[in-house]
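A.B. asks: As a plain string of letters, each chain reads:
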Amino acid sequence: MTLLETRGLSRRYGGVTAVNDVSFRLEQGEIRSIIGPNGAGKTTFVSMICGRIPPSGGAVFFEDHDITNMSPWKRVMRGIVYTFQITSIYPKLTLRENVALAVQRRLTAKPGLHLSLSPDALDAAIDEALSAVGLNNEADRLAGVLPYGHQRLLELAMGLALKPSLLVLDEPTQGLAPGDIQPFCDLIRRTAKTSTILFIEHNLKVVLDLADRITVMDRGAILAEGTPAEIERHPAVQQAYLGD
Amino acid sequence: MRQAAFRSYAFHIAVIAALFLLQYVLPAYHIGTFTRIMVYAVLAIGYNILFGYTGLMSLGHAMFFAAGAYGAGLSVYWLGFGPIAALLAGVASAFVVSLLAGIVVLRVSGVAFLIVTLMLAQAAFLATLYFNTITLGDQGIVLSLRPIEMAGLSFALSDPSVKYNVALAAFAFALLFSLWLLRSPFGRILIAVRENEARTKLLGYNTFLYRFWALVISGTLSGLSGALYCLLFAYVGASFASLQYSTLPLLYTLLGGTGVTLGPLAGTAIMYYLIDISSSFTSSYMIIVGAALLVITLWFPEGIGGWVRRFLRRKPA
Ligand SMILES: Nc1ncnc2c1ncn2[C@@H]1O[C@H](COP(=O)(O)OP(=O)(O)OP(=O)(O)O)[C@@H](O)[C@H]1O
Ligand SMILES: [Mg+2]
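Protein chains in written order, with the working numbering: chain A, 1 to 244; chain B, 1001 to 1317.
In isolation and in its complexed conformation, chain A is listed as follows:
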């Protein structure tokens, strides 16, 4: 079943066309990687999927609903969750409070005033999310004092705590310590049992290890798409990206 589809999606910045008429499909349960050189339009493309940037043209469909004009917060409630390329957390709050904001969003999904929350349910979900990324022992530290790689993992924990149906990750391994990369891949594979994953990634080892399919972007357009084996063989890809 198709979970996400874009039709002719475009984004222009003045004279620059960051994303040019991209039609794209993502199947439910897939782990999909988007690769491509710097400035290819990857971040802009996924930002239009999560609603952070409005498109200049085209449409986005999620579970067969047109969500092109839907606000980013409504998309989150529908299950589309995004982690930023440049880490975006709450540096002056503790890790616990950071994750609490994500957990709270899920626990208050039903309409209503939600004047209070069960502290037990909150704590349990926070611990679960922080344990998943191995930060449970740091729960009461301020997020801003963590090393950058751990801040990235915190942001991932916030994403996981929302229990997304589509998790969009923008260069998640960038800034991770080498030792953290394998656990990260394991975590994504576990997460993929319940979520569809769309991730932008520069580390080819991670891409080839995780991705079911790969989409290659270049100059705002899709250059190629296929399984890791197909992409490795693709001549245009080797020239534009892998070959450098």
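The set of hints was computed from the structure by calculation and includes no laboratory data.
In this text, all values refer to a predicted model and were calculated from it rather than measured experimentally.
Cβ atoms here follow ideal geometry from the backbone N, Cα and C, with glycine treated the same way.
Treat the hints with caution; some may be incorrect.
To be verified - Restraint ranges, calculated between C-beta atoms of paired labels, are given here:
| no. | chain 1 | residue 1 | chain 2 | residue 2 | range |
| --- | --- | --- | --- | --- | --- |
| 1 | B | 1096 | A | 192 | 48 to 58 Å |
| 2 | B | 1176 | A | 28 | 44 to 54 Å |
| 3 | B | 1307 | A | 115 | 46 to 56 Å |
| 4 | B | 1002 | A | 137 | 16 to 26 Å |
| 5 | A | 92 | B | 1002 | 16 to 26 Å |
| 6 | B | 1123 | A | 12 | 38 to 48 Å |
| 7 | A | 177 | B | 1096 | 35 to 45 Å |
| 8 | A | 124 | B | 1106 | 27 to 37 Å |
| 9 | B | 1080 | A | 91 | 53 to 63 Å |
| 10 | B | 1005 | A | 70 | 29 to 39 Å |
| 11 | A | 145 | B | 1011 | 37 to 47 Å |
| 12 | B | 1294 | A | 119 | 40 to 50 Å |
As the list claims (entries may be wrong) - Short, incomplete list of chain B residues facing chain A, as computed with Cβ under 7 Å:
| no. | residue |
| --- | --- |
| 13 | 1184 |
| 14 | 1192 |
| 15 | 1195 |
| 16 | 1196 |
| 17 | 1199 |
| 18 | 1201 |
| 19 | 1202 |
| 20 | 1203 |
| 21 | 1206 |
Guided by the hints, dock chain B with the ligands onto chain A, whose structure is given.
C.D. replies: Chain B with the ligands in isolation, oriented as in the chain A frame:
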């Protein structure tokens, strides 16, 4: 976490109890001063919800203060309301004005928010003059109030001790309400909006809506302060809508420490005494206020509350 909540409430209730006992030891002059301080602290508590917690700096809170004051004062003067009904009318009118202001400023933040709130408040100020057949403009209205009738007893609002305790009751309500609000799931989101709005949107929160309600709650509490001020001092006039009632809560909050529940009280008390004392030996006491502000912003940017909190190494409440 639950233990922390208990300690926090206990501490705030202890402060309220201390203020209650203070009336038995303070000399008469300072009872009057503290009455005013508590009324202004309600204004500052309201201001702190928007500025300290949500991160939106307004220069228009005089409009909410005045909405409360006029709502109360005019209903006494023209409609013959008793004090309690007038207080409710004041709060209701501030609520309505906050809703309208919220709709206007919904989509702006930062400097634009500052300017739009300033302009709205100036418009409100001019309106109090323009409709002078109702408000009696500059000259204002001196009220004669009926006593509060409660449980067969009668309390005259001219009695300093009644004033003190009414102000204390309102202050206690505002303080505990703000504490409860900020510890609630809603308060958590306000802080999130202040700390990182883009992230908060992408966690699924309609941040416009939270900013809107923060403004409405903030404005309504400020209106409570205005209504109280009008009823306790039996007067309402255009000066209530003047710029000073927008800048004072900002100064109180900055001095007391933004985003600290007790900051507004500390800031109000210190600033009030600073002005009071310095104005007794110089007419240009605002220079001293200015100097104090410089010292705060340069050496204590988190205000007294922030400094104490850091000193106690407690996490943000
Ligand atoms: N806000 C903006 N204003 C103007 N141009 C922009 C803006 N955002 C992106 N661009 C341009 O759009 C193009 C695509 O940018 P984008 O960030 O989507 O690329 P990317 O594939 O994510 O690159 P990277 O691998 O470096 O993250 C680039 O040429 C970039 O300069
Ligand atoms: Mg990018």
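A.B. asks: Does each hint fit the structure? Answer for all of them.
C.D. replies: Hints versus structure:
no.	hint	in the structure
1	B:1096 - A:192: 48 to 58 Å	holds, 51 Å
2	B:1176 - A:28: 44 to 54 Å	holds, 49 Å
3	B:1307 - A:115: 46 to 56 Å	violated, 32 Å
4	B:1002 - A:137: 16 to 26 Å	holds, 21 Å
5	A:92 - B:1002: 16 to 26 Å	holds, 23 Å
6	B:1123 - A:12: 38 to 48 Å	holds, 39 Å
7	A:177 - B:1096: 35 to 45 Å	violated, 56 Å
8	A:124 - B:1106: 27 to 37 Å	holds, 36 Å
9	B:1080 - A:91: 53 to 63 Å	holds, 56 Å
10	B:1005 - A:70: 29 to 39 Å	holds, 37 Å
11	A:145 - B:1011: 37 to 47 Å	violated, 27 Å
12	B:1294 - A:119: 40 to 50 Å	holds, 43 Å
13	1184	holds, 6 Å
14	1192	holds, 5 Å
15	1195	holds, 4 Å
16	1196	holds, 5 Å
17	1199	holds, 4 Å
18	1201	holds, 5 Å
19	1202	holds, 5 Å
20	1203	holds, 5 Å
21	1206	holds, 5 Å
In summary, the structure is inconsistent with hints 3, 7 and 11 from the numbered list given earlier, while agreeing with the others.
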